[in-house]
Each structure stands twice: as structure tokens, then as C-alpha cells.
Amino acid sequence: MPRLLPSYLHTLRKQSGLSQPEMAALFDVTGSAMSRFENLSRHPTIELIIGAEVIFGQTAKDVFPALYQEIERDIVERARVLRDDLKSKTDPATRKKCRLLTELIERTKVTKPAI
Amino acid sequence: MNHSRMPGLVLAVRPTSRGFGWALFEGPLAPVDWGIASAKVNKSAQCMIRFKQLLDQYHPSALVLEKFDEEDAHHSERIRALAKTMRGFANNRDMDTLIYGRKEVGLTVTGNAKASRHTVASAVAERFPILRPRLPEARKLWQSEDNRQCLFDAAALGITHYALTRPRN
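Taken in order, these protein sequences are the chains called A and B. To convert, note that position 27 of the first sequence is 27 in the working numbering; the numbers rise steadily by one, no gaps. To convert, note that position 8 of the second sequence is 8 in the working numbering; the numbers rise steadily by one, no gaps.
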């Protein structure tokens with residue numbers, strides 16, 4: 001199933017039958033904060049991202065696909081720059097780092113989110 | 001939610017005398033969001049405000065409506081005009097507009113073109129258990145229609161769209 005919405009927090013809440021105040025209580029935030037998290041007018045906090053996984057059993061990639069993709073894209077860009085910087089060195093430690101960075105870049109190509 | 005246009009989101013809308021029911025789909029498996037918009041005064045204008053909000057929030061690529069100009073359709077002029085306005089509004093936003101008749105919906109959802117709206121709603125609730133708690137009881141002849149019926153009508157339109165997917169502009 002393609003992930004077409006930037007956040008599935010609202011969808012998961014509705015599908016689970018939880019009301020907004022009930023979910024706000026689970027996350028220990030106010031109702032208005034919950035509303036802002038749901039409509040993405042406020043960036044999700046680390047507590048919210050981990051809490052969503054605890055409550056719904058879904059990863060950050062599934063609950064916040066747009067945010068995940070944004071962070072992934074930034075990391076890949078920085079990984080490319082770092083790999084280019086390290087290319088001139090040939091010691092074993094650097095080769096290991098380059099392997100990790102290459103794997104990271106290749107892996108994100110394979111698992112690129114649909115949005 | 002403020003995000004760029006995302007191909008694939010389908011908004012099914014079913015206007016009624018009291019507002020409209022809507023269901024948003026990203027695929028045939030289940031709606032990702034749904035609701036009922038109600039208005040007591042200035043109904044068409046209030047409905048269009050909520051409709052615009054939905055378009056701004058989700059940027060769907062297609063709008064699905066029920067065919068309102070069928071010979072045997074019993075809809076008021078206001079509802080017909082509202083559906084037409086919604087259609088025009090969606091077209092102005094370069095959205096695909098798809099329109100399905102009640103017979104197509106009944107045939108697709110229940111296998112019976114003459115299925116009652118409650119039978120269709122029950123089949124929708126069967127397919128999407130999350131909507132089951134909102135399924136209204138079958139109305140008696142002397143009762144007015146339950147406002148929740150329009151939500152199931154909209155979801156049935158979404159199901160029909162994914163089953164048929166043929167544009168009619």
C-alpha cells in the first residue's frame with residue numbers, strides 16, 4: 001500500500017476508535033497540542049514518534065512517512081558528501097566507513113518511500 | 001495538513017439535505033479518513049466551506065460523486081446544485097471527477113443493482129469494520145433518514161470507484 005499522507009497519526013487514531021482527548025491523555029499532551037500534531041501544524045516530538053510505535057505497533061516510517069523521507073533524504077545527502085571526503089583515504093577504518101555510507105545510500109534507494 | 005498534491009488520494013462525497021458525508025481513500029482496502037459535515041443554516045455555503053477545507057487539507061487527485069441527474073433519483077434542486085458546484089470546483093483544481101449511479105454502486109458493493117441504501121451501507125460496514133459502530137439501523141417507512149447514512153454512501157462510492165475506475169467527465 002503506498003503511503004500517500006504525510007502523517008497517519010490521525011488515521012490510526014480514527015481506525016482504533018480513540019477520541020482525540022483519549023489519545024492526548026495517552027501521550028500526556030493537551031487536546032489542542034494533539035490536534036496540532038495530527039494536522040502537522042506542529043512537528044512531532046521524539047516522545048510522540050516513539051509513543052506512536054508503542055501505541056499502534058507501527059514504525060516512524062509508517063506513521064510519519066513524510067518526516068521520515070525528509071530526514072532520510074538529508075542524511076543521504078550528507079552521507080554522499082562524507083563519502084566523497086573520505087574517498088582519498090585508503091586505510092581500513094576509512095574503507096569500513098565508506099562501506100557503511102555506500103550501503104546506507106543503496107539501501108535508501110531500494111526502500112524509497114512511495115510519497 | 002499542508003502538503004503538496006499527492007496522486008492517488010480519492011475523495012468520495014455524498015451530499016444530503018443536512019450536509020454531506022465524505023470518505024478519503026488512498027487505496028481500495030480502507031478509507032484513511034472519513035466524516036460527516038452538517039449545516040443547519042445556509043447549508044450549501046457551509047458545505048462548500050467544509051469541502052474546500054478538505055481539498056486544502058488533503059489535495060486529493062480525484063473526486064467521486066453520486067450521479068444526481070438520474071431519472072429515478074429523488075434529490076432536491078439544492079443538492080443537485082451543490083453536487084454540481086463541488087464538481088466544478090474540483091475540475092477547477094485539475095482533479096478528476098468520477099460519477100457513479102446508484103445502480104452501479106449497488107451492483108459493485110452488494111452484487112444487486114436494486115439494493116437498498118441500507119443494504120449497501122451494511123455491505124460497506126462488513127468490508128470496513130472500523131465504520132461498523134456508525135452503521136444506522138434500517139429506517140422504517142415513517143422515519144427520516146439517519147444522518148450517518150451519507151457516510152456509508154460516500155464509502156460505497158469509493159469502493160465502486162476502485163472496482164470500476166472509469167472516468168466520466
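Take these hints with a grain of salt, some might be off.
Stretches of chain A that chain B covers, calculated by requiring three or more beta carbons in the stretch to come under 8 Å of a beta carbon on chain B [claimed, not checked]:
id : segment
1  : 4-10
2  : 19-31
In silico BS3-like pairs for lysine-lysine, Cα to Cα no more than 27 Å straight-line [said to hold, decoys possible]:
id : chain 1 : residue 1 : chain 2 : residue 2
3  : A       : LYS14     : B       : LYS103
4  : B       : LYS114    : B       : LYS103
5  : B       : LYS67     : B       : LYS43
6  : B       : LYS40     : A       : LYS14
7  : A       : LYS89     : A       : LYS109
8  : A       : LYS109    : A       : LYS97
Simulated from the structure, these hints should not be mistaken for lab results. The beta carbon of each residue, even a glycine, is placed where N, CA and C say it ideally should be.
How the hints compare with the structure:
{"no.": "1", "hint": "4-10", "verdict": "holds (count 6)"}
{"no.": "2", "hint": "19-31", "verdict": "violated (count 0)"}
{"no.": "3", "hint": "LYS14(A) with LYS103(B)", "verdict": "violated (30 Å)"}
{"no.": "4", "hint": "LYS114(B) with LYS103(B)", "verdict": "holds (6 Å)"}
{"no.": "5", "hint": "LYS67(B) with LYS43(B)", "verdict": "holds (20 Å)"}
{"no.": "6", "hint": "LYS40(B) with LYS14(A)", "verdict": "holds (26 Å)"}
{"no.": "7", "hint": "LYS89(A) with LYS109(A)", "verdict": "holds (25 Å)"}
{"no.": "8", "hint": "LYS109(A) with LYS97(A)", "verdict": "holds (19 Å)"}
The structure fails hints 2, 3 (numbered hints given earlier, in ascending order).
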